[in-house]
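Take a look at the letters that make up each chain.
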Amino acid sequence: MVKKEILTAAQAVELISEGSTVMVGGFMGCGSPPALLKALRESGKKELTLVCNDCGWYNPDQGKETGVAGNVLDKQFSRVITSHIGLNSEMQRQMVAGETEVELVPQGTLAERIRTAGCGLGGFLTPTGVGTEVEEGKQVIELDGVKYLLERPLGGAVALIHAHRADTAGNLWYARSERNFGALMAMACDMVIAEVDEIVEIGELEPEAVVTPSIFVKKLVYTAA
Amino acid sequence: MEYTPNKEIIAKRIAGFFKTGDVVNLGIGLPTLVGNYIPDGVDVTLQSENGFLGLGPAPKSGEEDPFLINAGGVPVTMRAGGCYFDSATSFGIIRGGHLDYTVLGVLQVDQEGNLANYKIPGKMIPGMGGAMDLTVGAKTVICAGLHFDKKGNSKLFRRCTLPLTAMKQVNYVVTDVGLFHIKDGHFVMREVFEPYTAEYVMERTQADIVQADDFKVVKV
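Line order of the protein sequences matches chains Y and D.
If you read the first sequence in the numbering used here, its first letter stands for residue 1, the second for the next number, and so on.
If you read the second sequence in the numbering used here, its first letter stands for residue 1, the second for the next number, and so on.
One or more of the hints may lead you astray.
For the chain Y half of the interface with chain D, some residues (derived, Cβ under 8 Å), not all of them [what the hints assert, rightly or not]: (1) F27; (2) P60; (3) Q107; (4) G129; (5) V130.
If you are wondering where the hints come from, they were derived from the structure by calculation, not from laboratory data.
As the structure is a computational prediction, the values presented were derived from the model and not from experiment.
We treat Cβ as the ideally placed atom computed from N, Cα and C, and that holds for glycine.
Generate coordinates for the entire structure from the input sequences, incorporating the hints supplied.
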């Protein structure tokens, strides 16, 4: 098995080009890669398109900042594709002020669009969003009396994900509820960078316990847990 | 009669819907409270949209695990026998008809079963999160909300005016004054909660309400 290169977070974010689409794993920050997001913030890169389930917590009064909240604050994203921004007041402000373009996507549709991109499919039909604003501009297809929206795949250039443990080949094992979107994004992006808390030798992860197969992971960033 | 907002009565009445073996998703906010009122002896499996089955109660102070949170981003626990999965599987469960119930909050709900709960244009745009999938996918959709807003207007409408979360998907609405079944373009009032009366509710609700054949006033 080929071993994957282990980079520092700062080296890893140099693989991100300004203007490209970056997918960030996590749900309210659980499963987001903290060192990579910090390094991305320090890089000062701009004009990125973000794909992430939500924009994390941002509540300056409570000193709360999780997930991509710091990157949003620095306006690193010109476009955001997400399902929920309700706990990030700054993201809502930027959206309402027209400073950042935000596309709100139902969470199940977002997950499936990413999965579809990673699986080589041309799209899928979902009943979610029929008769709502989500339907606008989309093809409605009726099959056996049920209306569906045609939703298209969503891939990206770079995925920044977190997994608790990897082997040096890049097989990933996720802790508890952190796998959410990361496991899907790993299949949908050209350059997949996994930030991990532990690295073990090839053969030390039980093959049955691997959630993300090594072939999807291109680089590892190791941060001591 | 004075109206006193009461979230607990809503949570308690909704918990009475469930039976052992049901798979249930509770939305964030008021619906989360329902978990506190599931009767002893009723074994319900709670699904968390961020990727697991077997959602348990809040952890003890100091025992919070940052890798185990609910859909509101709050630390929770998992019951023995639970399991984790990715978001595509989670929404496969939700959309695929594998949930017996979903309980969601309300901004507006109407007698056609339309729900609006994710957006007030120009004012509040949190995004729909999983709500659009949950309303379309669950076998039974229960809306949970205070009957009246802060100005005293009912949240039950003839027709929603806010952007919809889903079209014609709501089955039941439980408020702090009663339980309504949505059927044939009406709110069918099944129960009114003490101390309110059927007349009190019907006079103050801007929607078409009919009393069920087995209508009753109950103490929750």
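Structure-based check of all given hints:
1. F27: 4 Å, holds
2. P60: Violated. Min distance 17 Å.
3. Q107: Holds: closest Cβ of chain D sits about 4 Å from Y:Q107, inside 8 Å.
4. G129: 6 Å, holds
5. V130: 6 Å, holds
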